[in-house]
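Colleague: Protein chains in written order, with numbering that gives the first Met the number 0: chain A, 0 to 133; chain B, 0 to 137.
No lab work stands behind these hints: they were computed from the structure. Just so it is clear, CB atoms sit at the ideal spot from N, CA and C, and this is done for glycine as well. Just to be clear, a hint being listed does not mean it is correct.
[Said to hold, decoys possible] Within a straight-line C-alpha distance of at most 27 Å, the following computed DSS-like cross-link-like pairs (lysine-lysine) qualify: (1) B:Lys88 / B:Lys69; (2) B:Lys69 / B:Lys93; (3) A:Lys14 / B:Lys69; (4) B:Lys31 / A:Lys70.
[As the list claims (entries may be wrong)] Short derived list, chain A residues pointing at chain B, Cβ under 8 Å: (5) Ala8; (6) Ser10; (7) Leu11; (8) Asp31; (9) Gly32; (10) Gly36.
[Stated by the list, open to error] If we take Cβ atoms under 10 Å as the criterion, some of the chain A residues that face chain B in the derived model are: (11) Arg33; (12) Thr35; (13) Leu40.
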Amino acid sequence: MSKRVDAGATSLVSKEVLIEGEVAGEENLHVDGRVTGVIRLAGDLFVGAGGSVEAEIDARNVVVQGTLAGKVIARQQFEVRPTGRFSGECTAASIEIREGAVFEGTSKMIGPAAAKIPGPPAPSGAASAEKTVK
Amino acid sequence: MGLFGKKKVNGGTAGGQDSRQTALLGPKLAIKGKVSGSGNLILMGKLEGEFDLDGELVIAPPALVDGEVKALTLNVSGTVSGNLTARDKIRLEKSARVQGRLIAPRLSVDDGCVFNGEIEMKPPPTVPGKAAAGSRSK
Numbered sequence: 000m001s002k003r004v005d006a007g008a009t010s011l012v013s014k015e016v017l018i019e020g021e022v023a024g025e026e027n028l029h030v031d032g033r034v035t036g037v038i039r040l041a042g043d044l045f046v047g048a049g050g051s052v053e054a055e056i057d058a059r060n061v062v063v064q065g066t067l068a069g070k071v072i073a074r075q076q077f078e079v080r081p082t083g084r085f086s087g088e089c090t091a092a093s094i095e096i097r098e099g100a101v102f103e104g105t106s107k108m109i110g111p112a113a114a115k116i117p118g119p120p121a122p123s124g125a126a127s128a129e130k131t132v133k
Numbered sequence: 000m001g002l003f004g005k006k007k008v009n010g011g012t013a014g015g016q017d018s019r020q021t022a023l024l025g026p027k028l029a030i031k032g033k034v035s036g037s038g039n040l041i042l043m044g045k046l047e048g049e050f051d052l053d054g055e056l057v058i059a060p061p062a063l064v065d066g067e068v069k070a071l072t073l074n075v076s077g078t079v080s081g082n083l084t085a086r087d088k089i090r091l092e093k094s095a096r097v098q099g100r101l102i103a104p105r106l107s108v109d110d111g112c113v114f115n116g117e118i119e120m121k122p123p124p125t126v127p128g129k130a131a132a133g134s135r136s137k
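For reference, chain B alone in the conformation it holds in the complex:
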């Protein structure tokens, strides 16, 4: 029980966000319903339902998602069937298997991933200053 008393401190993946904890839904967990909130989250289990996160969502193997997923940033290396929407960017890694629709202003799809579906790229929602200028100058 010792482990329960201690809080894990986020190692800094939050990138600027005040040291929030990264939520983890492990490989042996199955969720049916809706997950929402903010902060970063790593999903390795099964999700049937809806995801709406104001933060970075990592869908890592052996994750299995069936439903609607929305996040600020989406990093997928697991299996998803459904629509993926990111307000910032989506990255499909080599081991990703996605069936559905990708909606994001920025997108990267790695060699080797499996993607069946549509892509919709919306211009970034008025990001003030540097961030927008930086990505445009490429």
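Isolated chain A (complex conformation):
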């Protein structure tokens, strides 16, 4: 877990815990419970299989195994695992949607990955897609 940013520690919001409001910090966050509001992390956000997050998110990596709705910025990777459900707007440097996952909404690439996309000179080289994988 020790990548460049010092976000070694992982906080856990367990199954029966609900946080409404703003969560911010230099840690990783694992949500098995519920979080609604705003999440800003220097580290990673992991939404566990039973977890549910409805928030505006800014994190390094975002991994969804449960349910996530909202506007997401993943500075590195956004990943929806087979049991994961995402709806909303995602902006990431890299994206991975596994088979079985549900993705409803838009995806926009940032950083080096976006720069490689040839074609329409969109303002930020954005790739917008609306798809549902089942």
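With chain A held as given, fit chain B onto it using these hints.
Modeller: Chain B in isolation, oriented as in the chain A frame:
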């Protein structure tokens, strides 16, 4: 990423509660808003807002709480400014710094802690049988 796939199993702090996970809000996390639910929770970060937990809440240093805190059991060794209410008991440990009001049927305050405020001790809400009898017999 390997660590994320595995679930931490609660080592038994739950004391009778079916092996629930203990939630942890780490020292580098700041929360503004409301935290609620059940189960046990260890808070080491900053909280501005409200806490309502049906379980044991441990406020450990370097935790900084500004707001209303309610739990079944409260164990404080961090810094709190606000009211603390426990349906069972409150314990202020040596390193605790508390400004506010303590409301609980049972209370223990350790030598060395800093506490400025009021204490209100309510009798335990009709606890049936042994637990109540045990604490009374002292």
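Colleague: Run every hint past the structure and note whether it holds.
Modeller: Comparing the hints with the structure gives:
1. B:Lys88 / B:Lys69: holds (11 Å)
2. B:Lys69 / B:Lys93: holds (21 Å)
3. A:Lys14 / B:Lys69: holds (19 Å)
4. B:Lys31 / A:Lys70: This hinted pair holds, its Cα atoms lying about 19 Å apart.
5. Ala8: With a closest approach of 4 Å, the Ala8 of chain A hint holds.
6. Ser10: holds (4 Å)
7. Leu11: Interface hint status for Leu11 of chain A: holds (5 Å vs cutoff 8 Å).
8. Asp31: holds (7 Å)
9. Gly32: holds (6 Å)
10. Gly36: Status holds, d = 6 Å.
11. Arg33: Holds: closest Cβ of chain B sits about 8 Å from Arg33 of chain A, inside 10 Å.
12. Thr35: holds (9 Å)
13. Leu40: holds (8 Å)
In this structure, every one of the numbered hints holds.
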